[in-house]
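Peer 1: Produce the entire structure from the sequences given, and follow the hints as far as they go.
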Amino acid sequence: MEKTVTPIQVERKTLTYETQKRWLGIAFSLPALVLLFTFLILPVMLAFGYSFMSYNMLNPDGKEFTGFDNYIRLFQDGIFLTSLKNTLYFTALVVPIQSAVALGLAILVNKKVKVASLGRVFFFSPVVTSMVVVAILWTFLYNVDSGLINHALNFFGIENQPFLLSADQSMNSIIFMSVWQAAGFQMMIFLAGLKEVPEELYEAAEMDGASVWQKFRNVTLPSISHVTGFVLIITTIQAFRLFIQPYVMTNGGPSDSTKTLVFMLYENGFQFRDVGYSSAIAVVFFFIVLISSLILKKILKQ
Amino acid sequence: MRHQTKKKAGKVITTMAILLLGFLFIAPLLWMIIASLKPETMIFKDMGLAAFLPKEITFSNYAQILFSDRIHFFHYMWNSLFSVSMIVIFGLIVNSLCAYALVKLKFPGSDLILVLIIALYVVPFESMLIPLYIVVNNFGWINEYPALIVPFIASAFNIFLFRQFFMGIPKELEEAAMLDGATPWQTFWRVVVPNSKPVFATAAILTFVTHWSDFMWPLIVATDESIRTVQVGVQYLFTDNNIEYGQIMAALSLTTIPVILIFLFFQRYYVQGITSSGVKG
Numbered sequence: 000m001e002k003t004v005t006p007i008q009v010e011r012k013t014l015t016y017e018t019q020k021r022w023l024g025i026a027f028s029l030p031a032l033v034l035l036f037t038f039l040i041l042p043v044m045l046a047f048g049y050s051f052m053s054y055n056m057l058n059p060d061g062k063e064f065t066g067f068d069n070y071i072r073l074f075q076d077g078i079f080l081t082s083l084k085n086t087l088y089f090t091a092l093v094v095p096i097q098s099a100v101a102l103g104l105a106i107l108v109n110k111k112v113k114v115a116s117l118g119r120v121f122f123f124s125p126v127v128t129s130m131v132v133v134a135i136l137w138t139f140l141y142n143v144d145s146g147l148i149n150h151a152l153n154f155f156g157i158e159n160q161p162f163l164l165s166a167d168q169s170m171n172s173i174i175f176m177s178v179w180q181a182a183g184f185q186m187m188i189f190l191a192g193l194k195e196v197p198e199e200l201y202e203a204a205e206m207d208g209a210s211v212w213q214k215f216r217n218v219t220l221p222s223i224s225h226v227t228g229f230v231l232i233i234t235t236i237q238a239f240r241l242f243i244q245p246y247v248m249t250n251g252g253p254s255d256s257t258k259t260l261v262f263m264l265y266e267n268g269f270q271f272r273d274v275g276y277s278s279a280i281a282v283v284f285f286f287i288v289l290i291s292s293l294i295l296k297k298i299l300k301q
Numbered sequence: 000m001r002h003q004t005k006k007k008a009g010k011v012i013t014t015m016a017i018l019l020l021g022f023l024f025i026a027p028l029l030w031m032i033i034a035s036l037k038p039e040t041m042i043f044k045d046m047g048l049a050a051f052l053p054k055e056i057t058f059s060n061y062a063q064i065l066f067s068d069r070i071h072f073f074h075y076m077w078n079s080l081f082s083v084s085m086i087v088i089f090g091l092i093v094n095s096l097c098a099y100a101l102v103k104l105k106f107p108g109s110d111l112i113l114v115l116i117i118a119l120y121v122v123p124f125e126s127m128l129i130p131l132y133i134v135v136n137n138f139g140w141i142n143e144y145p146a147l148i149v150p151f152i153a154s155a156f157n158i159f160l161f162r163q164f165f166m167g168i169p170k171e172l173e174e175a176a177m178l179d180g181a182t183p184w185q186t187f188w189r190v191v192v193p194n195s196k197p198v199f200a201t202a203a204i205l206t207f208v209t210h211w212s213d214f215m216w217p218l219i220v221a222t223d224e225s226i227r228t229v230q231v232g233v234q235y236l237f238t239d240n241n242i243e244y245g246q247i248m249a250a251l252s253l254t255t256i257p258v259i260l261i262f263l264f265f266q267r268y269y270v271q272g273i274t275s276s277g278v279k280g
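Protein chains in written order, with numbering that gives the first Met the number 0: chain A, 0 to 301; chain B, 0 to 280.
Be aware that one or more of the hints could be misleading.
As the list claims (entries may be wrong) - In silico DSS-like pairs for lysine-lysine, Cα to Cα no more than 25 Å straight-line:
no.: 1; chain 1: A; residue 1: Lys-84; chain 2: A; residue 2: Lys-194
no.: 2; chain 1: A; residue 1: Lys-214; chain 2: B; residue 2: Lys-44
no.: 3; chain 1: A; residue 1: Lys-214; chain 2: B; residue 2: Lys-5
no.: 4; chain 1: A; residue 1: Lys-84; chain 2: A; residue 2: Lys-214
no.: 5; chain 1: B; residue 1: Lys-7; chain 2: A; residue 2: Lys-111
Unchecked claim - With beta-carbon atoms standing in for the labels, derived distance ranges:
no.: 6; chain 1: B; residue 1: Lys-44; chain 2: A; residue 2: Ala-203; range: 55 to 61 Å
no.: 7; chain 1: A; residue 1: Gly-208; chain 2: B; residue 2: Ala-8; range: 17 to 23 Å
no.: 8; chain 1: B; residue 1: Ala-8; chain 2: A; residue 2: Asp-76; range: 54 to 60 Å
Think of the hints as simulated: they come from the structure by calculation, not from any bench. Even for Gly, the Cβ is constructed at its ideal location relative to N, Cα and C.
Peer 2: Rendered as structure tokens:
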């Protein structure tokens, strides 16, 4: 039968196949595109629109265009400046610390030892644990009198620390916990990068008598630079989104020391129901995330 | 010889370092599970190593949060399991079809759409939280299951994940199907899907774990107890003054154990998803 198919028949077949393909392409992608538009693109556009309005959910008919009023109010709001400062502080510390810890762990579990895969599971398990669970658990661990961490510090002769109860220590306590929770994620990405570094490079360096540090500096780091760049960018974006930890552990306190941009956005939107003001925070937040990742991308390219 | 012993010493040091650090990483979770099995009075009395060594094991904490009349944790778990499973099932269909259409069934504008979708991936969810609430409210979905499901079915990340995989499927496979007279739809179902099981597994697992952990959104749209999810439920228990610590520990463990099991069983797919998003992209 196959032999009887003439070239003309094949051509006609592919032609209808092509048009069929085009229409099916539109039909196949339509559900996702409609959903993405309704629940992603539209809300983003609305956020921009609302940010120029006076709009409270408790009084939905009192919508009014007020220009840049929300933004002017924002930059005069002391709590906003504190939240911005706290968010930047968290990001500035978490990104380098977490990436360094992750790289260290990745190098460890990349070694050919029997416990490497066990280590991978251990380092990664906090990542699959949800942030809410982690935050509740660590509130117990950080407890001044009955927390295991203070108990361990006592063992080494250090007196009880207030941790979450002190404005000086609260953010650092959250940073420490966040690194513990998420380092395993970046570790996996670094590990994939390390696996692609050719063994010969290390052998050549060894022949030249390179020390462990020199091998790390001159072979490992340059070979995984693209992975490092990716890790730094996703960790930065993730860090800016800080919310669950202060919400669960400190409620933004003590004295606003753990209040963040997203916390403030949530507070204004869903406790004070101030859609306009909250949207202005959302827009500023969006641009901070976007601009920081663009700057990082630029720096890392060099 | 010297080189050999040096290597051996290095291995011993690495092993010790992994085990020691590994314990530090796993210790809080270990404590959580062990404390959930202890009688209430012992949880904050056992300190130091005793915190990790239960003298007496009891399941009463679990029994109380799962089957008591006051706390409906079993119901919270069901709400989460149901809504997350729906996101996974519909998400796999919708996102794989979209990625396939954009990669293989090119139509006018499909390349531009792909670029736009990848760009959408950088929009942080929090920046559209309030308007999304208003959109969902207009559909009348507040305190209804669709609020927890529908906004998360289409995912720019998953479309990207599928796209990466579908690009690697050789043209010859589809051409063979086409010459056999298969329609594009049949080609997708009979050729592409069976050859793409790993990416479906990866997308399913990543989606499940991500949305099982969702907190902020359910906190806002699922305020009614009948639809409360597991993460919000555990947070409510934490702030409830009339509850025992052992019960909170049991709730924390129940929230965590499903995802730990998924991770242990499907580790390969999970890790593939994380790394393929970054290293090759």
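Peer 1: Indicate, hint by hint, whether the structure satisfies it.
Peer 2: Hint check results:
1. A/Lys-84 x A/Lys-194: Distance ~38 Å between A/Lys-84 and A/Lys-194 Cα, so the pair is violated.
2. A/Lys-214 x B/Lys-44: Outside the cut-off at roughly 48 Å; violated.
3. A/Lys-214 x B/Lys-5: The given pair, whose Cα atoms are some 17 Å apart, holds under the 25 Å limit.
4. A/Lys-84 x A/Lys-214: violated (38 Å)
5. B/Lys-7 x A/Lys-111: holds (11 Å)
6. B/Lys-44 x A/Ala-203: 55 to 61 Å: Once the Cβ atoms are compared, 58 Å apart, the range 55 to 61 Å for A/Ala-203 and B/Lys-44 holds.
7. A/Gly-208 x B/Ala-8: 17 to 23 Å: holds (19 Å)
8. B/Ala-8 x A/Asp-76: 54 to 60 Å: Holds, at about 59 Å.
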